[in-house]
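Peer 1: The primary structure of each chain is shown beneath.
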Amino acid sequence: MHVVVCIKQVPNTTQVRINPETNTLIRDGVESIINPFDMYAIEEGIRLREKFGGKVTVISMGPPQADQALKEAISMGCDEAILITDRAFAGSDTWATSYVLSQAIKKIKDFNVILCGKQASDGDTAQVGPGISTHLDIPQVTYVKKIEEISEKSARVERMMEEGFEIIEIPLPCLFTVVKEINEPRLPSLKGKMKAKKAEIPKWSAEDLNCDFDKIGLDGSPTRVVKIFTPTPRKGGEILKGDTKEIVDRLASELKNEC
Amino acid sequence: MLIKKDPTIIQSYLEDSSNLKGGHTERVVIPQTIDEVSSVLKEADTKRVPVTVSGAGTGQAGGRVPFGGIVLSTEKLSAIKEIRKFDKGGYVVLEAGVLIKDLKEACEQKELFYTYDPTEQTAFVGGAIATNASGARSFRYGPTRQYVKGIRVALADGSILLLKRGEVKAKGRILGFEASGKRYKINLPAYKMPDTKNSAGYYAKDDMDLVDLFVGQEGTLGVIVEAELGLIDRPKEIFSAFAFFKDESSAWSFAKDSRLARPLSIEYFDVNCLKLLGERDHNVPDSAKAAIFFEDEITETEDAVMAKWEKLLSKHGVSLDNTWVAMNEKTHREFLDKRHFIPETMSEMAKRSGFPKVSTDLATPKEKLRDMLEFYKNSLEKNALRHFVFGHIGDAHLHVNMLPADQKEYEKCKNLQLEFVKKSLSLGGTVSAEHGIGKSKKGFLKLLYGEKGINEMIEVKKTLDRNLILGRGNVFDT
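Protein chains in written order, with our numbering: chain U, 1 to 259; chain H, 1 to 478.
A portion of the hints provided could be inaccurate.
Said to hold, decoys possible - Computed footprint of chain U on chain H, listed as stretches where at least three residues anywhere in the stretch have a Cβ under 8 Å from a Cβ of chain U: (1) 183-190; (2) 256-268; (3) 329-342.
Said to hold, decoys possible - Lysine to any residue pairs mimicking SDA-like chemistry, simulated, CA-CA at most 20 Å apart: (4) K227/U / G62/U; (5) K101/H / S17/H; (6) K101/H / E75/H; (7) K191/U / P7/H; (8) K338/H / T14/U; (9) K195/U / L320/H; (10) K110/H / G29/U; (11) K462/H / K81/H; (12) K191/U / K351/H; (13) K338/H / L187/U; (14) K275/H / P185/U; (15) K246/H / L320/H; (16) K330/H / S253/U; (17) K191/U / T331/H; (18) K191/U / A307/H; (19) K191/U / S319/H; (20) K289/H / V271/H; (21) K197/U / K382/H; (22) K205/H / R173/H; (23) K81/H / G69/H; (24) K330/H / G29/U; (25) K104/H / T14/U; (26) K351/H / K422/H; (27) K146/U / E169/U; (28) K241/U / S253/U; (29) K289/H / K382/H; (30) K198/U / V305/H; (31) K195/U / A307/H; (32) K330/H / I26/U; (33) K198/U / E302/H; (34) K366/H / T299/H; (35) K106/U / P185/U.
Derived by calculation from the structure, the hints in this document are not laboratory data. A virtual CB, placed ideally from N, CA and C, is assigned to each residue, including glycine.
Using the sequences and the hints, build the whole thing.
Peer 2: Shown next, in the form of structure tokens:
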């Protein structure tokens, strides 16, 4: 089984600060990590390989330093990695990004399953996974919490819903975006890290992927970011004090006023 | 100066991490300046009121738990006054109530490094000095003592002593100095300290520095109000890993060989610690019977460091597939979190059970470590007590934590603790390597230095604190 895992390098959101004047992210000194949701996709890919044989190829579109994220994926157990990098990709929105990734997967050719995290922790759109499957014209299931069964031809998976889950049968090749309930990602191993150190990661450019230049970068992106701002913090609540009757009366009258 | 008398507010000053019960005080005074510390002490000395110095309450031996008198909290003495970087290393001048984590952050900004790395990052610098604390990285860097370049101490009569390392040295075992117009002559204890990491009793050595007398004195000789600490250059990069072993003996042998590689830390976890961690982290290999976490500085290339450890791990039969390594700062922090999760969870479990955990803080000479470990293993298995063994195996300093389920088991644990102490002493070890004696380990100190040694320490105390008001009940009874 050949599993392709798509990952993104993101700033560690626990460290991000906002410049109060420009309302933009201060990226200086902020470490880059693999999008936390993609870690579950990597783990699931490795588990499928461990069960059925084959290989896991991990790909990422990003600047040259995103090769560190790919190396981390190799240290966890992925077999091969490809970095998709080109200045022409700069400014791509989710539509253009999913187009580029789908072109890369077309170039990889023989794959059975594509795995993505449910969304990236920086953009939070959850659109790139579904976008890839649309560009490739293959079926997809989002929010997968369990792969119950999988063969060369089809899979049965559980899709997380707000209440409960759906069981979906789907023909392969297909794409899944996965949620954190699916597994517990392993830690990089020493053997994996040694392999990652030695790994030569091929870089694919827009030309290598035969990209239509009208469909990539800022120009190829239908989305426009009009404004970025920090939401105003919510005002603190009020703790009602007194005996129970007083509190209940107060609460009821406040709620009435709100209505 | 803040003064607190409300019982609900002062309750938190009556305890620390030792679970020592029964603490009481008439009031907590919180000086905001060194002059205020001085005036509090002067008044207390005149009125013969006992003064217990309070740090952050992270102590493990009841040192800050008061039994009468007043509590003097250093929490408002929290200024980092100066931090300076040289071509190599630097120094910081700071007050006693600065949190270790704040000091670390301040160092980070200057690309400097304070070596002390305890589980309790909210500990105060003053507390670390007063107990000569050490933590995991002392394997490479040594304990707090080595970094104390100078110290400002308020003595019991309120006089302030500013000491720089190298200025006042003992002649043999006699320390003479002058402060605030008074002449002091201290006859240092004659005992020989154990040749291990040690924070049991007063530091005493021929020709020693006066600064060293105040490091590890646990609030019995003076109130540390300010210090100058040496800093080193920040390690360029750290390589860290968790290695899992199929039996304890291979882990012990690996630790022994690892010392030669001079990493920053070598930390051991027994199978019970791994089970505890495994409840949260399902990637812990089921077959593992012990684990070692180590951190090494990458001075040349990471490849060279990895090759060194690969060789060592393979020699001891460790699967490289099963050895976790950090790929970046984030995974390194996750490792530290796992390392600290174990003692923190144990303390939580003890709190919930209602019976205090019974723990040890013993270090032996390195060549005797295996004897000690085998003694632990046999005694713990024989007594069938819930226990966890973990800690600084590089320094031959492991913590045995026993969690009794009832009073009968508690007594069994206490007996076993005493047996462990006696075994450590028979091997030339210490009774407290980093936590200090406080109020809960005084009996053990007596076993280490005998009645004579204790009396010699009391004589030192009387020279500096003639009315015996400071840290009463700590280290020894007066």
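Peer 1: Would you mind marking each hint as holding or not holding in the structure?
Peer 2: Each hint tested on the structure:
Counting residues of the stretch 183-190 of chain H whose beta-carbon sits less than 8 Å from any beta-carbon of chain U gives 0, not enough to reach three: the coverage restraint is violated. For the stretch 256-268 of chain H, the assignment as covered by chain U is violated, since 0 residues bring a beta-carbon within under 8 Å of that chain's beta-carbons and 3 are needed. Look at the stretch 329-342 of chain H against chain U: 4 of its residues bring a Cβ nearer than 8 Å to a Cβ of that chain, three or more, so the hint holds. Distance restraint check for K227/U and G62/U: the Cα-Cα separation of roughly 23 Å exceeds the 20 Å cut-off, and the hinted pair is therefore not satisfied.
Restraint check for K101/H and S17/H: the C-alpha separation of about 18 Å stays at or below 20 Å, so the hint holds. Annotation: proposed proximity of K101/H to E75/H holds, straight-line Cα distance about 14 Å (limit 20 Å). Using a Cα cut-off of 20 Å, the hinted pair K191/U and P7/H is violated, with the two alpha carbons roughly 58 Å apart. Pair hint K338/H plus T14/U holds up; C-alpha atoms about 18 Å apart against a cutoff of 20 Å.
For a cut-off of 20 Å, the pair hint linking K195/U to L320/H stands: about 11 Å separates their Cα positions. Between K110/H and G29/U the alpha-carbon distance is near 14 Å, which keeps this suggested pair within the 20 Å criterion. Distance check on the hinted pair: K462/H and K81/H sit about 32 Å apart at the alpha-carbon level, beyond 20 Å; violated. For the proposed pair K191/U and K351/H, the alpha carbon gap of about 40 Å is over 20 Å, so the pair is violated.
Among the hinted pairs, K338/H with L187/U is consistent with the structure: their alpha-carbon atoms are about 12 Å apart, no more than 20 Å. Note on K275/H and P185/U: the hinted pairing holds, with a Cα-Cα distance of about 19 Å set against a maximum of 20 Å. For the given pair, K246/H sits about 13 Å from L320/H by alpha-carbon distance, which is consistent with the 20 Å threshold. This hinted pair does not check out: K330/H and S253/U have alpha carbons roughly 49 Å apart, beyond 20 Å.
Only pairs whose Cα atoms come within 20 Å are accepted, and K191/U paired with T331/H is accepted, the gap being roughly 16 Å. Straight-line distance between C-alpha atoms of K191/U and A307/H comes to about 11 Å, which keeps the hinted pair within the 20 Å bound. The straight-line distance between the Cα atoms of K191/U and S319/H is roughly 9 Å, inside the 20 Å bound, and the hint therefore holds. A threshold of 20 Å between alpha carbons decides the hint, and for K289/H with V271/H the separation of about 5 Å falls inside it, so the pair holds.
Only pairs whose Cα atoms come within 20 Å are accepted, and K197/U paired with K382/H is rejected, the gap being roughly 47 Å. Pair hint K205/H plus R173/H holds up; C-alpha atoms about 7 Å apart against a cutoff of 20 Å. Taken as a hint, the K81/H and G69/H pair is broken in the structure, with Cα atoms around 31 Å apart against an allowance of 20 Å. Simply put, K330/H and G29/U have alpha-carbon atoms about 13 Å apart, close enough for the 20 Å limit, and the pair holds.
For a cut-off of 20 Å, the pair hint linking K104/H to T14/U stands: about 19 Å separates their Cα positions. At roughly 27 Å between alpha-carbon atoms, K351/H and K422/H are farther apart than 20 Å, so this suggested pair is violated. For a cut-off of 20 Å, the pair hint linking K146/U to E169/U stands: about 12 Å separates their Cα positions. Proximity of K241/U to S253/U is assessed by CA-CA distance (about 15 Å); at most 20 Å being required, the pair is judged to hold.
At most 20 Å may separate the alpha-carbon atoms for a hinted pair to count; K289/H and K382/H meet this at roughly 18 Å. With a C-alpha separation of about 15 Å, the suggested pairing of K198/U with V305/H holds against the 20 Å cut-off. This hinted pair checks out: K195/U and A307/H have alpha carbons roughly 12 Å apart, not beyond 20 Å. Restraint check for K330/H and I26/U: satisfied, since their Cα atoms lie roughly 19 Å apart, inside the 20 Å limit.
About 12 Å separates the Cα atoms of K198/U and E302/H, which keeps this hinted pair within 20 Å; it holds. As the CA atoms of K366/H and T299/H are separated by approximately 26 Å, the hinted pair breaks the 20 Å bound. Distance check on the hinted pair: K106/U and P185/U sit about 27 Å apart at the alpha-carbon level, beyond 20 Å; violated.
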